[in-house]
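Chain B with the ligands: place on chain A using the hints.
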Amino acid sequence: MYPKMDEKDKLEILKDILLADEHEFEEKISRRIELLEQTVHEREKLSEKVNPIISHQLDDFTKNIPETLGPTITETLKKQIKINKDEVVDALYPIMGKMVKKYVAQEMKLLSEKMNNQLSFLSFFKRKFKSGVTGQNENEIMLGDLATASIQQVLLIEKDSGILKASYSKSNAMDEEMVSGMLTAIKSFVEDAFNQRNQELESIEYELYEIHLQSFATHYIAVVISGNYMLSAKNKLQDIIFDFYNSFMAMNLDLVFETKNAQKSIVPVPKSRIERELAKYFGHAQL
Amino acid sequence: MHSSKKIVVLGHFGVGKTSLIRRFVTDTFSDNYKVTIGVHITKKLVEIAVDREVSLILWDLEGTDEIESIRDSYLLGTHGLVFVFDVSRPSTFEHLGNDLKIVRNKVPETPLMVVGNKSDLVDKAELKTVLDENELSADFLTSAKTGEFVNELFLKLATLLVGDA
Ligand SMILES: Nc1nc2c(ncn2[C@@H]2O[C@H](COP(=O)(O)OP(=O)(O)OP(=O)(O)O)[C@@H](O)[C@H]2O)c(=O)[nH]1
Ligand SMILES: [Mg+2]
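Just so you know, the protein sequences line up as chains A and B, in that order. Residue numbers 1 to 287, in this note's numbering, belong to the letters of the first sequence in order. Residue numbers 1 to 165, in this note's numbering, belong to the letters of the second sequence in order.
Rather than coming from a laboratory, the hints here were simulated on the basis of the structure. Watch out, some of these pointers could steer you wrong.
[What the hints assert, rightly or not] Mimicking EDC-like on lysine to aspartate or glutamate, the simulated pairs with C-alpha atoms at most 20 Å apart in a straight line are:
| id | chain 1 | residue 1 | chain 2 | residue 2 |
| --- | --- | --- | --- | --- |
| 1 | A | Lys271 | B | Glu53 |
| 2 | A | Lys271 | B | Asp51 |
| 3 | A | Lys165 | B | Glu53 |
| 4 | B | Lys43 | A | Asp175 |
| 5 | B | Lys43 | A | Glu191 |
| 6 | B | Lys34 | B | Asp51 |
| 7 | B | Lys43 | A | Glu202 |
| 8 | B | Lys43 | A | Asp160 |
| 9 | B | Lys106 | A | Glu191 |
This structure is a prediction, so every number in the text was calculated from the model and none was measured.
So here's chain A without its partners, still in its complex pose (with noise of 0.2 Å):
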């Protein structure tokens, strides 16, 4: 029997995935902290020469950063949320996947514990039919049932428009601007058709080849990928695509809550940046 996780456990986990965002973000606003301090003392540096008695007001402000600013800080963050809702959306979602998914894991861990002994007698029953019927030697079907998936390529797309922001790729065989286009077409119809505003679709299986998408708020990520496709590596590549992400945008949060240029929140990211994230997170990826 699969010993039962007891709540202290779950509260682990929680713990583990909550406090590891948590800091993050902790960073994130210390940075911008800093930022802040640094533009009022280059404000203070200026007014030296034009006036003293600002430039002592300034100083007197600068002290007194963390009462006079900090409310301001926690508003605009406020603010920013409220404008910006779906990029918060999108911010967190990775984080909250990841902690259903884990929770879900586990539960399901234990179900297929469970159901294992019957599994493998069915396999193994599947596996000699298949060899009475194709001829092939039953070491053959076992090794191609184990041909791993692998990842071919990853595009990440605007959700609504289908644009392709950035993708990697092992081998350049298609056209990715297309396929984005294509794939939000197909994505748009499945989900109209079955008009259910709340589902997404999940995967397309293409040739030999499955297409996995994973929805966010604002982008959605395709993953093309060619092999056994099995649940173990569908979990794997999701949290890879979780923790991609995350990364992308936490890159974007920084300039959504950049402070020199007020009036232009959200500076798009570089391709090349977000392409050589993409390389890093799924390049040398195992599924």
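Below, chain B with the ligands alone, put in the same frame as chain A:
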């Protein structure tokens, strides 16, 4: 500098949406009418200035007499629109004003080109009177068959889109 723009081409049945795109992308024309089902996507790279390239991702929608029934999700996030009617078939422009209003409603503030196609089938002077009489105006009168004004149409739109990017 490189950017990508989504352009949706829409209008009533058989007005020549697919033909216009084919003329623009591959510079060919066919009399053979194949109805578009769902949506067809093609891409064309255009150079609008030195060192200024745009990928136009063209969404060729199936024709419909009920503009209202066009799937909103196909229009989402589009950067530009081309509304095509057939100058030889009044039924495709009788309600142009209303059709455009519906489109505008679905996608406000997106550059839109209104195009009267199959200009090779009618007499230019006659066409002008018909349009004036009905208080209609088109940004371009094109012919996918002869190629007249097809490149101009897409280039104008591309320039417009990059200009406001
Ligand atoms: N003479 C002439 N015929 C045209 C022109 N453009 C299209 N056609 C013809 O009109 C018919 C319909 O053209 P399509 O391009 O398929 O029209 P469509 O708007 O894509 O049609 P749907 O996808 O069904 O809505 C075809 O037989 C074309 O050959 C044109 O400029 N001149
Ligand atoms: Mg067509």
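To see whether the hints hold, each was checked on the structure:
1. With a C-alpha separation of about 15 Å, the suggested pairing of A/Lys271 with B/Glu53 holds against the 20 Å cut-off.
2. For the proposed pair A/Lys271 and B/Asp51, the alpha carbon gap of about 17 Å is at most 20 Å, so the pair holds.
3. With a C-alpha separation of about 16 Å, the suggested pairing of A/Lys165 with B/Glu53 holds against the 20 Å cut-off.
4. Taking the CA atoms of B/Lys43 and A/Asp175, the gap is near 9 Å; set against the 20 Å cutoff, the hint holds.
5. Under the criterion of a C-alpha separation no larger than 20 Å, the hint pairing B/Lys43 with A/Glu191 is inconsistent with the structure, at around 24 Å.
6. A threshold of 20 Å between alpha carbons decides the hint, and for B/Lys34 with B/Asp51 the separation of about 37 Å lies outside it, so the pair is violated.
7. For the given pair, B/Lys43 sits about 25 Å from A/Glu202 by alpha-carbon distance, which is inconsistent with the 20 Å threshold.
8. Between B/Lys43 and A/Asp160, the direct Cα distance comes to roughly 17 Å. Compliance with the 20 Å bound is thereby established for this hinted pair.
9. Between the alpha carbons of B/Lys106 and A/Glu191 the distance comes to roughly 19 Å, so the proposed pair stays at or under 20 Å and holds.
In terms of the numbered hints stated before, the structure departs from hints 5, 6, 7, listed from lowest to highest.
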